[in-house]
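The listed protein sequences correspond, in order, to chains A and B. Using the numbering used here, you'd call the opening residue of the first sequence number 5 and step up by one each time. Using the numbering used here, you'd call the opening residue of the second sequence number 913 and step up by one each time.
Because the hints were derived from the structure by calculation, they are not lab data. There are no misleading hints in this set.
Straight-line distance between alpha carbons at most 20 Å, and here's what the computed EDC-like set of lysine to aspartate or glutamate pairs gives:
1) A:K286 / A:E192
2) B:K1001 / A:E108
3) A:K286 / B:D968
4) B:K1134 / B:D1217
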Amino acid sequence: MTSPLPPMPPSANSPGALAELTQETLALTRRLFLQLVRRPSTLVAGVLQPLIWLILFGALFANAPEGLLPGGMSYGRFLGAGVIVFTAFSGALNAGLPVMFDREFGFLNRLLVAPLRSRSSIVLSSVIYITALSLVQSLAIMITASLLGYGWPGAAGLVLVMATLLLLVFAVTALSLGLAFALPGHIELIAVIFVANLPLLFASTALAPLSFMPAWLGWLAALNPLTFAIEPIRAAYSGPLDLSAVLLEAPYGNLTGKTCLLVLLVLTIGLFLLIRPLLNRKLS
Amino acid sequence: MAMIELRQLSKAYGAVTALSNLDLSVPEGCLYGLLGPNGAGKTTTLRILATLLAPDGGSVQVDGVDALKHPREVRRLLGYVAQEVAIDKILSGRELLQLQGDLYHLNRADRDHRIDDLIDRLGMEPWIDRRCGTYSGGMRRRLDLAAGLLHRPRLLVLDEPTVGLDIESRSAIWQLLNQLVEAGTSVLLSSHYLEEIEALADRMAIIDAGAVIAEGTPTDLKQRLGGDRVTLRVREFSDAKEAALVRSVLEPVEGVRQVVINRAQGFSLNLVIEGESVIERLRHSLEGAGLPVFALAQSRPSLDDVYLQATGRTLMDAELAIAGQRDLKQEKRQSMR
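Between the sequences and the hints, there should be enough to build the whole structure, so can you do that?
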């Protein structure tokens, strides 16, 4: 017979607030990674899909006349930046799915019954997970692209690529997490993801430069957040880093690398501020 | 001091009233049973206690802490085992417990030690490292109980902990609950099984239509109904005439009431007796009339009698009546954040 289980005073070994926050965030992040490792299909699909884009789509215009693209770039090299951004984007767009399933299956209630130091740890763990995942996927694409002969950014360029991707991933993750709490179920969330994905890709400079597009599409592409991530990365691939150089001649004016990054930063902060009241309400 | 004090608690889901001015006081250190049919408001009450749901009105105190003002403190001292077990199918039981331990900020050595201890107590060793997706209902419930106990809460709240369980799992859970109370944990459990409350609870409340309609120890409640139920025969198979004669002999006996002839049981007699040595007096009277007792069975009133008395219907009837009115899909949506 085992000895009895005496209740413990709640504050028996209470570490500091930061230590508690770290502990709960890491535990929640670990869970997401365990799920990924044991059910790697999302990771595999997330890498395969852009690879197929890169290879098939790259081949589609392989014989395009030289000099058609700005700076005399080959189409494969032009497409590389687009596919990298698209990979990070669609990865981050899925960030809300695990949260949505936790809501639906009631696992979230288990988290909400626990004395979490801050319920932001639930959001934070998703952000950490999706960011890591998107960066790994993007790196896989970059390596493949370089093996296909589409080039590799230098050290400084790599820093720029990563910084740009981080900003984009943060912004899209915020959006997706917001949707995960705002929509009624995973069917609706998947529908939104499905509808958002391809049009945002087409209406950007991922597959073709602005000069190919009719004016109305050019406007859309020049306002599309993906474009603001694609252009700096494309620049990092095509030569020495110059953030003040004009990267895009948008219908409303010229965009430099700095402007692009600034827009992404503002977008990220704006989205987090936008979803905060929603998260506070749903997690209160 | 009371471990739980609920005052004038009310909650409505749209047009449906779940709780209407419910008052409940659960003393410290006891196993308290909440009995009522499905849909009576048991789950809503427990979800409010677990800080998952805000009441429309009323106050909630757990161990002297206002749960509406300081939910986080209440979460620390309370363990909650929900009715529908939400587990992560991909994790193993042990990993789920580790996650739970981290959410309660246990230090690692302590956490792992307690997990081993609970695995041992609840007999989870053979399957704890398998993925939760492969578990049976009984395994899941045991795992969830372990998760609720990991931080050694002063109060454990369980929502229908043994509903639909196999006997082995049920007795494992009952045994652990008894150990917990012995060691000083207060336990509040809801059930619509009379025998569960009967077997476990030190005190109980009957909930019907969102309010407490009877409260006390099970023995008290039954005694308050008064009297013992007696079934009596003067021969194996009697007839109407003889039964009527027996009744006429029994009715004047002091302490005997509600004498009913039970045709279905071979004209035996059902009666309620109250007071000292009624049985002796009753035997004596019958012998005097030349009708010696052939068989006599005496039983205490059951909780079902208590429920019947309090609500005017049996628990079974209440379940059936409510089953037709519930919208389970709607309820699921309400429990979603």
